[in-house]
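If you want the building blocks of each chain, they are given just below.
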Amino acid sequence: MSLHSSHGMHSSGDVWSKGGVQPIRAEQPGPSADPFGGDDPEAFLSRLRQRMRRSDPPSAHPGSSVWPPGHENSWSFEQKAEIFTKSLQAIGGRVLRAKHERDAYRLIRDALLERGVKGVLTSGGDWGVCRSVLGEAGIGVEAWDEVAFGHGEADRDIARADRWGAGLAWADFAVADTGGIAVVSSPQQGRSVSLVPPIFVALVAPEALVYSRRTVLERIAEAGREKGVPSALTFITGPSRSADIENDLSIGVHGPGEVIAVLLESR
Amino acid sequence: MSKGALLERIDVALANERLRRAVRKATDNFKNGKTRAMQEYEDWEGMRERARAIRAHTIQHLDYYLAQLAAKVRQNGGHVHFASSAEQAVEIVRNIARHYGVKSVAKSKSMISEEIHLNQALEADGIQVYETDLGEYIIQLAGETPSHIVGPALHKTREEIAELFSKLEGKPLSTDTPTLTAVARRQLRQIFLTADMGITGCNFAVAETGSVTLVTNEGNGRMVTSLPRIQVTLMGMERIVPRLEDLDLLLTMLTRSATGQKSTSYVTVVSGPRKPGEKDGPEAFHLVIVDNQRSTLLGGEFEEALNCIRCGACLNVCPVYRQIGGHAYGWVYSGPIGAVLTPLYKGIEEWGEVALASSLCGACYETCPVKIPLHDMLIGIRRKSASAKQTHPVERLIFRGFGWMMERPGLYRMAQRAGRWLAKPLVRNGRFRHAPPPLSYWTKTRELPAPAAKSFGEIWQSGFAEEKEPLLAVAVERRQSKGTRSTGERGA
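For the record, the sequence lines run as chains A and B. The opening residue of the first sequence carries number 1 in the working numbering; numbering runs sequentially from there. The opening residue of the second sequence carries number 1 in the working numbering; numbering runs sequentially from there.
Derived by calculation from the structure, the hints in this document are not laboratory data. Treat the hints loosely; a few may be bogus.
Unchecked claim - Straight-line Cα separation of at most 25 angstroms, DMTMM-like style, residue types lysine to aspartate or glutamate; simulated pairs:
1. K171(B) to D248(A)
2. K275(B) to E142(A)
3. K346(B) to E42(B)
4. K279(B) to D126(A)
5. K279(B) to E226(A)
6. K279(B) to D34(A)
7. K86(A) to D43(B)
8. K275(B) to E226(A)
9. K275(B) to E218(A)
10. K80(A) to D43(B)
11. K25(B) to D125(B)
12. K86(A) to E87(B)
13. K275(B) to D145(A)
14. K103(B) to D34(A)
15. K31(B) to E246(A)
16. K275(B) to E258(A)
17. K80(A) to E42(B)
18. K227(A) to E42(B)
19. K227(A) to E283(B)
20. K275(B) to E146(A)
21. K371(B) to D28(B)
22. K31(B) to E49(B)
23. K80(A) to E258(A)
24. K171(B) to E226(A)
25. K80(A) to E40(B)
26. K279(B) to D248(A)
27. K25(B) to D248(A)
28. K31(B) to D126(A)
29. K103(B) to E114(B)
30. K25(B) to E142(A)
One chain only, chain A, in its complex shape (with noise of 0.2 angstroms):
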């Protein structure tokens, strides 16, 4: 069976400017049989619009944002840091402030030897000064770049997770409004990372704390239009939490019980 993934794209273009909504179809002619037994794209659509209220012109976007203009820019460091926090630990995480890198390892190290914490698995590049700082204590520092992954059950690291107590990333963004933390998949940053190990600690660098969630999107959206989007976005915001079991709250379910944001002054 093969597979199609050579059909033919089209530009998207900034349609809205033009105060509508341009015609596009799914795909260019030619042979679009879905081997998989999927409908031919055009004629599912077209069955719709046969069936659709079409308003003549077509109607602009309406508009999605509940902030209000230039939002971003009114806040200072301080502030947007005092109300992540706030965010943050209402609900259930914890904020630690370092002045620079060097603190912020000091902190960690801290937090992680009152847990019990002997291994950290850390996101990919430079952890030189995290790995001397972290080895003082006898936690031992793998990044996620020189462990091996892959779906084969030898090669399968991730099946051992257990070795590792804690997670380390940098934050691409955190969020103050809702105290999140959003990570952007690439070969550096894995999505285990924040994930496989039951703590789960976040470094944010200065220019990485925003005041909306809003913000986030609109500069993903915007990089992505020239390089394409990240293959994974994810906002993390808080533990893991279910009330499943009779709407009881329980954390740690399936992601980390415990999420540690280091906000750092400087870099």
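Take the given structure of chain A and dock chain B to it, following the hints.
For chain B alone, coordinates are given in the frame of chain A:
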């Protein structure tokens, strides 16, 4: 599904006191969470209107946005499949599983997969299917279906859950939440690590970027989209927004309305398979876009039902849902939105009676974050049911008789007087409680005030009209303005 089955299911639910207590507790928690959340916003009404406008715009241009989504997913390296029917959607997923030689599947919550009975079909092919949302896992072990969109197992007690888990572990377990959660974590962790394929639902697809968004609190959505080598995402074709930044408002409306949270613990936006050099995330990504009767709503009086974002808020406020829980509705969607969708998707002839599971109080509309006029739709479905003669013959006879009498004022007045006299032996303390059949259908579950000593018509005729007219007008006016004000307060 036989007609009249609704009443049987309701009787079963009403007899289960434990179920009703659990449903009340859970819906109160959800509802109070939402009420508190709304108070944090100065302009919740404005946000509702904005969310409604976005949903309406998207549905009005659904063909455009689905085409854009499909093109972008392919650009991201994913595959897109369109399924007209439930059967076709199941077939597509079976073909994908066969193509990759899949032996086990880890699923995160997906209402659409319940809709199309996916698990049974995959299991028939010899594939192990595991639900990984804790609530879904519990009901899968129990062999049941979800009873609430947000809390699928809210009808299960901890004793029942402990019994299921004890069987699994082969030893008796205590009933405390940490113990039970730890069992689920351990069991499901193994499944995440070994499953070949992850199957997810989709809270919102994003047309502009070719993304699918998953909202979970437990993190199972992240597991399912990070560890297995194949990802299949099923979406009802209406679950889409135009742009990435639209997610901000719609996610806020969804989570605030579902549980009151500013955000769920995890919001995952997946755009295709892993990119070159990435060490986790699926190697192949398939998006299955499912119609399954949704297109029949387009352009018609029920189109706005497609605006639903599946928050479950209408269930939590519904006086009927709160009494009978989700299973009495008979299909995957329950509460007011279920009472609308089930007859529309499954056929009014068989399922129109589900629209009767409503008091038409309008609380569903008032709470709906995208302002779907659910109570109007329920009346619309009842109207269709009635004109298709789906109502009970006795009911039709009564209404025909009532109509006939209303056209004959003399006879109507006579019947009124006779009724007052006949009702006398049945009235206690001014209430009308027990009547002989067929009126007992009514008095079994409700009571009526006793007929007034003088009917309005009689008072009017005895000169009230001339003397008291100005007074009456003032009273009516006062009542009206009061009514408006109190509605306004509730809405704010």
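Next on the checklist: Of all the hints numbered above, which does this structure not satisfy? Sort the numbers upward.
Outcome noted: 3, 6, 11, 12, 16, 18, 24, 26, 28, 30
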